[in-house]
Amino acid sequence: MSSTIVSLPDQSTARIPKTNFITKENGLLSWLLTSDHKRIAILYLISITFFFFIGGAMAGLIRLELLTPQSDLMATDTYNKVFTMHGVIMIFLFLVPSVPATLGNFLIPLMLGAKDLALPKVNLLSWYLYVVGGIMVLYTMVSGGVDTGWTFTTPLSTHYLNTNVISTGLAIFVAGFSSIFTGLNFIVTIHKMRAPGMTWFRMPLFVWAHYAASILMVLGTPVLAIAIVLVLLERTVGIGVFDPTKGGDPLLFQHLFWFYSHPAVYIMILPGMGVISEVISTFSRKRVFGYTAVAFSSVAIAVFGFFVWEHHMFIMGVSNYSMLVFSLLTMLVAVPSAIKIFNWTFTLYKGSITFETPMLYAFGFMGLFTIGGLTGVFLASSGTDIHLTETYFIVAHFHFVMVGGMLMAFLSGIHFWWPKITGRMYPEKISQLAALITFIGFNFTFFPQFILGTLGMPRRYAAYPPEFQILNVFSTAGATILGVGYLLPILYLTWSLKYGEIAGNNPWQATGLEWQIQSPPLTENFIEIPIMDHDAYDYEWLERQNQKEKEVTSVG
Amino acid sequence: MSDSTAIAQTPHGTHEHPPYQRHHFESMDQQVDATGFAMWLFLLTEIMFFGGLFTAYLIYRNWYFPAFVAGSHQLNIFWGSLNTLVLISSSFTMAMGVWCAEMRKQGALVLCLVLTFILGIGFLGIKTIEYKEKFEKHHVPGLHFSVKSFVDPASDPDIAQYHDKPLRLDMARHTELYFFLYFAMTGMHALHMIIGIGILGFMIFRARAGAYTTGHITFVENFGLYWHFVDIIWIFLFPLLYLISRHG
Chain X
1 MSSTIVSLPD
11 QSTARIPKTN
21 FITKENGLLS
31 WLLTSDHKRI
41 AILYLISITF
51 FFFIGGAMAG
61 LIRLELLTPQ
71 SDLMATDTYN
81 KVFTMHGVIM
91 IFLFLVPSVP
101 ATLGNFLIPL
111 MLGAKDLALP
121 KVNLLSWYLY
131 VVGGIMVLYT
141 MVSGGVDTGW
151 TFTTPLSTHY
161 LNTNVISTGL
171 AIFVAGFSSI
181 FTGLNFIVTI
191 HKMRAPGMTW
201 FRMPLFVWAH
211 YAASILMVLG
221 TPVLAIAIVL
231 VLLERTVGIG
241 VFDPTKGGDP
251 LLFQHLFWFY
261 SHPAVYIMIL
271 PGMGVISEVI
281 STFSRKRVFG
291 YTAVAFSSVA
301 IAVFGFFVWE
311 HHMFIMGVSN
321 YSMLVFSLLT
331 MLVAVPSAIK
341 IFNWTFTLYK
351 GSITFETPML
361 YAFGFMGLFT
371 IGGLTGVFLA
381 SSGTDIHLTE
391 TYFIVAHFHF
401 VMVGGMLMAF
411 LSGIHFWWPK
421 ITGRMYPEKI
431 SQLAALITFI
441 GFNFTFFPQF
451 ILGTLGMPRR
461 YAAYPPEFQI
471 LNVFSTAGAT
481 ILGVGYLLPI
491 LYLTWSLKYG
501 EIAGNNPWQA
511 TGLEWQIQSP
521 PLTENFIEIP
531 IMDHDAYDYE
541 WLERQNQKEK
551 EVTSVG
Chain G
1 MSDSTAIAQT
11 PHGTHEHPPY
21 QRHHFESMDQ
31 QVDATGFAMW
41 LFLLTEIMFF
51 GGLFTAYLIY
61 RNWYFPAFVA
71 GSHQLNIFWG
81 SLNTLVLISS
91 SFTMAMGVWC
101 AEMRKQGALV
111 LCLVLTFILG
121 IGFLGIKTIE
131 YKEKFEKHHV
141 PGLHFSVKSF
151 VDPASDPDIA
161 QYHDKPLRLD
171 MARHTELYFF
181 LYFAMTGMHA
191 LHMIIGIGIL
201 GFMIFRARAG
211 AYTTGHITFV
221 ENFGLYWHFV
231 DIIWIFLFPL
241 LYLISRHG
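Heads up: the sequence lines are chains X and G, in that order. Last residue of the first sequence: 556 in the working numbering, with the numbers rising by one and none dropped. Last residue of the second sequence: 248 in the working numbering, with the numbers rising by one and none dropped.
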């Protein structure tokens, strides 16, 4: 770890630019009524972090309850509510908006050479919708909670529970529109707002990944919205479309729900993959191997993602033939995912690799996502799925992809672009330690759950047979370590806002357009709209650029 | 620092912008292009939203076809056709409105919008008459739903012309699903109409102040797209709900 690429300006003379998007206007209203994509990104960052810690506290309670075989920390009903709130908050209020609404919002216009997203007011509206959704979830929590699981399975959610299904449903409906508007805004921006010379195949892969995720948001989320509306109508006026006693079919709900909720996991993971592409390239000083393949693999994941939803329903009485087809289609998703992993690996090959924090998180991502992805293939084959579904194997698989994958990618991205967003560096040593702690804690928490799952421990129960205790103790201990791993960044990143070293324009010597401007950027991003005259990840171009600057200063 | 001087030089007035061009667009063309594209995308999400209901319709119509036929006989084709006519006329006046805005004819634009407004209200009025009949005959699902007209069609003079055979009770019960879909689909459509009429009211107000006859017609144009979309949804709903037994 001796060699680094960090190139900071002389700290004794360096200053944060006096005019930037943070200092331009002051006062709470200037933030709440802003239409600047960078400020909205920060509003999002604060709100999703808030919900992440609520969801994380729920996860802590779940793990604490599972420390012992009996249900002793809380009543089983309470346990049901806790894991439901954990799922709802983490999925709809953290993972779905995590990278797109924060980093995507901040970076897509910068990467494309635009002054803002195409629809700045819609962008702000999407944040307000998110906040309304979030407040409704908080209301649900304090007014008694909900215990359907985040999947709202009918007829459980429509007929058998007397908890706050309606307020949760409305919350997800509203938050869903926030996500639709974000996706819509990204698609329009990517199509219409690119700077001169910024062709589709010169866009950073981060943008490609967000494009693919946005397609999923725009096409998938409305279907979830209508599914939820139908559940709510069923609960309020009893219309019967999912009610077998009236001739309705509860499976139809599953179809509609998973038609969104399976693509939703790609909404969550694709932007993370975009982050990894940027980070891997920057810290191995090489153009991403097979740029076009990686770009198209994002789109392929989005397209395949729409045709695999039935694998969530293999044990629910769907026909054997459709099981066969969906099993095969599901395995197909592994192909573009593998293309990404292989291409990142080849990018590392013979690269000048350095080990700054974002890179450590990216390595964590690659390993954990691979495990998460491959166990997905086990679950795609209908035979093993029947044995493993509804056990802790599913829980482990999902968390390897979402926490091991997405959360690692999110943290990687936050560290990577922190100097751009705030103008200051995070402290390197302690954050490398945090990355390591997160990785260790994560594996301790979730690897035992694969074993628990294959042994047959079902998910969503507060109690379990005593022979599973040792693995559960491992898992809970790991969760504690993981908790430390997540607390650390909050502390030192807050610290760095005031005490971090001044970062300068391009501390990583990265090639993206966002790195060629001041940090933090101006409100309108660019003094004049840049002209893109080179490919993405062209480090020789950057070299020439630096050379030119040096000549200018030495002559001047 | 150099950055702050650069800001001062940032050209904000170097090339002439029309006042309605938003600051982050390079040109008016780009702005019109982007907002139009965004509107089409939004309509795509609306199609997916209605798509869930259409899927449910497709499945249950296949399963319970006789019940769906019997249910559709309860709808009044006269009112349905009249409403289709009203809605298509409103699309015509809306399209004329967009043209008037483009031609900067303020008076004609206001007239077109008012006509569209009235026709929209008319559509909802007729829909109310139809809904009221369902209430009276206990055909509202979940609310004292009665299968009398379907197990004993002779008792219902409204459907005498169809000479329906009585349905067995288990099939007759599924007419409730038909009426659920009828209310959900037309209700969701009516909700879109109500939102549209609300926006129209706002637009009439603004158009009288001359807001849309300045050459900047994006809002009128995009609202027009929305209105035609709502119209098209009805064009699909009408045959699917009213004309089930009328083919071949």
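These are calculated hints, taken from the structure and not from any lab test. Some clues are possibly wrong.
Claimed, not checked - Below are the DSBU-like pairs computed for lysine-lysine, each with C-alpha atoms no more than 30 Å apart in a straight line:
#1 K286(X) to K121(X)
#2 K246(X) to K350(X)
#3 K286(X) to K246(X)
#4 K148(G) to K246(X)
#5 K24(X) to K121(X)
#6 K148(G) to K137(G)
#7 K246(X) to K132(G)
#8 K498(X) to K18(X)
#9 K134(G) to K18(X)
#10 K134(G) to K148(G)
#11 K18(X) to K548(X)
#12 K350(X) to K548(X)
#13 K165(G) to K148(G)
#14 K165(G) to K137(G)
#15 K429(X) to K18(X)
#16 K137(G) to K246(X)
#17 K105(G) to K246(X)
#18 K134(G) to K246(X)
Predicted, not measured: the structure shown is a model, and the values here were computed from it.
> If you check each hint against the structure, which ones fail?
Replying inline: Numbers 1, 2, 3, 9 and 17 - these are the hints that the structure violates, sorted from lowest upward.
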